[in-house]
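Protein chains: 2
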Amino acid sequence: MAKIDDVARLAGVSKGTVSNVFSQKRPTSKKVTERVLKASKELNYVPNHIARSLVTKKTMAIGLTVPHGNFFFSAFHNQFINGVVLEASLFGYRVLLDMLPVLEVRTPSLASYPIDGAIVLGPTEEDERIDLLHQNGIPFVTVGQIMNAQAKSAPTVNNDNAQIMHDICDYLIGKGHSGILFLNANERMTVSMERRAAFIEALAKHRLDVRDHLLYCKPSIQSADYLNYGYAETVRVIRESGERVTAIIADDDRTAFSVMNAIKDLGLRIPGDVSLFVICGDLSMMHQTTPPLTGMDLQPSELGAESVRLLMHKLGGNEGEYPDHIIVRSKIVEGDSCSSIHIPPPNIGK
Amino acid sequence: MAKIDDVARLAGVSKGTVSNVFSQKRPTSKKVTERVLKASKELNYVPNHIARSLVTKKTMAIGLTVPHGNFFFSAFHNQFINGVVLEASLFGYRVLLDMLPVLEVRTPSLASYPIDGAIVLGPTEEDERIDLLHQNGIPFVTVGQIMNAQAKSAPTVNNDNAQIMHDICDYLIGKGHSGILFLNANERMTVSMERRAAFIEALAKHRLDVRDHLLYCKPSIQSADYLNYGYAETVRVIRESGERVTAIIADDDRTAFSVMNAIKDLGLRIPGDVSLFVICGDLSMMHQTTPPLTGMDLQPSELGAESVRLLMHKLGGNEGEYPDHIIVRSKIVEGDSCSSIHIPPPNIGK
DNA sequence: CTGAAAGCGCTTACAG
DNA sequence: CTGAAAGCGCTTACAG
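Keeping their order, the protein sequence lines are chains A and B. Counted the way full-length UniProt numbering counts, the first sequence spans residues 1 to 350. Counted the way full-length UniProt numbering counts, the second sequence spans residues 1 to 350.
Calculated from the structure, these hints are not laboratory results. Note that the Cβ used here is the ideal one computed from N, Cα and C, for glycine as well. A few of these clues could be false.
[Stated by the list, open to error] Across the chosen pairs, the derived CB separations fall in these ranges:
{"no.": "1", "chain 1": "B", "residue 1": "M1", "chain 2": "A", "residue 2": "R236", "range": "26 to 32 Å"}
{"no.": "2", "chain 1": "A", "residue 1": "R329", "chain 2": "B", "residue 2": "M1", "range": "38 to 44 Å"}
{"no.": "3", "chain 1": "B", "residue 1": "L315", "chain 2": "A", "residue 2": "V32", "range": "34 to 40 Å"}
{"no.": "4", "chain 1": "A", "residue 1": "E125", "chain 2": "B", "residue 2": "I327", "range": "42 to 48 Å"}
{"no.": "5", "chain 1": "B", "residue 1": "N228", "chain 2": "A", "residue 2": "R329", "range": "23 to 29 Å"}
{"no.": "6", "chain 1": "B", "residue 1": "A197", "chain 2": "A", "residue 2": "H134", "range": "53 to 59 Å"}
[To be verified] Anything over 12 Å on all C-beta distances counts as not near chain A; from chain B, calculated:
{"no.": "7", "residue": "M60"}
{"no.": "8", "residue": "L96"}
{"no.": "9", "residue": "E126"}
{"no.": "10", "residue": "A162"}
{"no.": "11", "residue": "Q163"}
{"no.": "12", "residue": "F257"}
{"no.": "13", "residue": "S284"}
{"no.": "14", "residue": "M286"}
{"no.": "15", "residue": "P323"}
The task is simple: from the sequences and hints, build the whole structure.
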């Protein structure tokens with residue numbers, strides 16, 4: 001590997017000048033620039049990123065931390081990551097994937113974080129990843145509301161989860177449903193809390209009872225029930241509790257698939273007997289099921305791109321106006337999994 | 001941020017000693033170690049990763065390059081990435097996600113690759129990512145066979161694609177199928193070529209005619225037909241060509257979902273009229289469809305883990321015996337999407 | 001617009 | 001087992 005001195009010698013200039021040609025931080029005469037470029041090409045020279053980082057204090061890399069160790073990506077995460085990487089590249093940044101338990105950072109043999117900033121996907125209540133970032137002084141953006149005491153004013157990108165739940169409830173209740181089973185995300189995630197509160201609020205708005213057994217949260221991935229979530233709850237609620245459920249809201253497509261299976265095993269049909277609404281699913285996949293699923297388009301890749309833009313603004317020294325909290329639009333995409341029922345809700349007009 | 005000098009001063013030792021305590025490359029007396037650790041804690045010191053990299057010439061990061069710019073992850077990629085990140089962490093390595101067109105690297109303003117090695121997923125024939133890695137002298141492992149002239153002996157991790165196609169054909173033909181439509185991956189991918197050759201070979205082995213119109217390749221992502229792949233081919237072949245197709249092999253789950261839709265629209269059923277076999281799908285999702293899909297378990301996370309192990313061996317100076325080419329096992333996982341047909345294949349006993 | 005020199009924060013022979 | 005010194009390959013004030 002040729003180094004800057006080699007190029008400087010061959011081009012007959014100083015190292016500083018070579019540096020300028022590559023960094024373009026100071027103007028260089030055309031002649032000199034050409035000489036340097038020619039010499040560089042000849043020697044196959046490329047600036048050493050590490051050496052540069054040591055003095056500029058910038059690594060040109062951001063960390064993307066996705067929840068927990070043995071977490072499984074869903075289609076939502078895929079698109080989110082696509083958005084992040086693509087947008088980051090526009091700023092000349094690379095993306096370091098961090099999906100590990102944070103233990104490593106505590107090991108003394110490990111060096112400090114070689115990233116300039118981080119994006120934290122799916123924060124939980126008192127998220128330790130956030131505490132860690134905070135105490136290491138690394139700028140970060142969370143995708144989802146943040147509830148850590150230490151850093152509650154951190155910049156965030158999010159969907160309007162309250163609005164989403166209201167939209168969904170209005171949509172379903174508007175079709176005559178009153179027995180709604182909500183299969184929410186894991187309760188430790190802040191998005192789950194936001195949705196829960198809005199769900200209860202929306203029911204109340206429509207003068208429907210809020211009954212606890214119609215609101216479940218996805219177990220943690222360590223739980224044996226993780227993969228079975230959706231199926232088990234659906235069967236239990238519909239068959240065993242005898243609860244009248246005419247609509248189910250599933251937190252993601254995997255859950256929705258599970259629910260579809262359960263419905264079938266119960267001898268019921270979608271949407272004839274039960275309507276199904278998916279909050280966070282892969283649209284292209286939702287169109288391939290029978291029936292096509294109705295759900296919310298959360299625009300995951302836009303969430304990713306926006307979080308990068310916000311982070312870049314933070315890294316750039318905050319010049320100019322820029323919102324600290326960005327909301328990404330979402331909208332209902334209709335399939336054929338939700339139908340109207342003509343039995344009036346029991347509590348109507350109460 | 002405290003630096004090594006601060007710790008050395010506070011602990012009353014030299015920088016070299018502090019360095020040793022953290023790197024553990026040379027023994028240090030217990031007393032001194034404790035003093036250093038205490039001082040470090042007091043100053044909140046953590047070694048600077050970049051400075052260390054500059055002298056050790058190791059970044060402790062590997063690049064993961066997945067195909068092309070606007071590529072969409074599938075469940076296969078998810079699990080693969082999970083495997084890579086998890087295994088890399090066991091070696092103390094981080095993973096840099098590279099899913100960009102390689103243009104950036106040609107821009108003179110960009111510094112050289114800050115990674116120690118790379119994993120290339122899904123190589124194509126004459127893959128430019130590989131040429132780039134090769135000419136930059138970065139060790140790499142490909143997941144999938146490599147066909148670049150320059151680097152054809154590079155280490156690889158792969159499934160036994162020939163065996164897989166034979167297994168699938170044996171399985172389907174054993175059930176009495178002879179009109180098999182194979183919806184292969186994109187033709188530029190080496191895996192697609194391997195499968196194609198083996199498919200033809202397997203048909204010949206069973207004395208079946210190889211007909212070109214029963215073998216399609218997925219269009220590139222730029223193509224308008226990309227999302228429609230599977231649906232379009234199925235409809236065309238079955239309805240328009242009048243070809244007798246009793247079994248379809250789909251390259252991944254997205255294609256399979258498309259096919260299922262097409263079959264339904266044609267008024268046919270799976271597996272009654274047409275059997276469906278998925279090569280590269282998400283097992284948990286394949287169990288949620290109706291009917292559950294039969295397919296191949298390629299063990300993507302094992303592919304990821306193995307590729308890290310192989311790369312680590314390359315980075316470690318190649319001491320000890322280690323194979324250059326690793327095959328990850330795969331096996332058929334049965335759902336209900338393939339059934340026997342009792343019409344004997346037309347060419348039997350020929 | 002260009003150069004000479006100091007310095008970024010570590011590690012690593014070389015001595016002892 | 002420990003220290004003093006050189007050096008990793010750049011960038012950046014400071015001069016000119």
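Hint by hint, work out which the structure violates, then give me just those numbers in ascending order.
-> 1, 7, 8, 12, 13, 14
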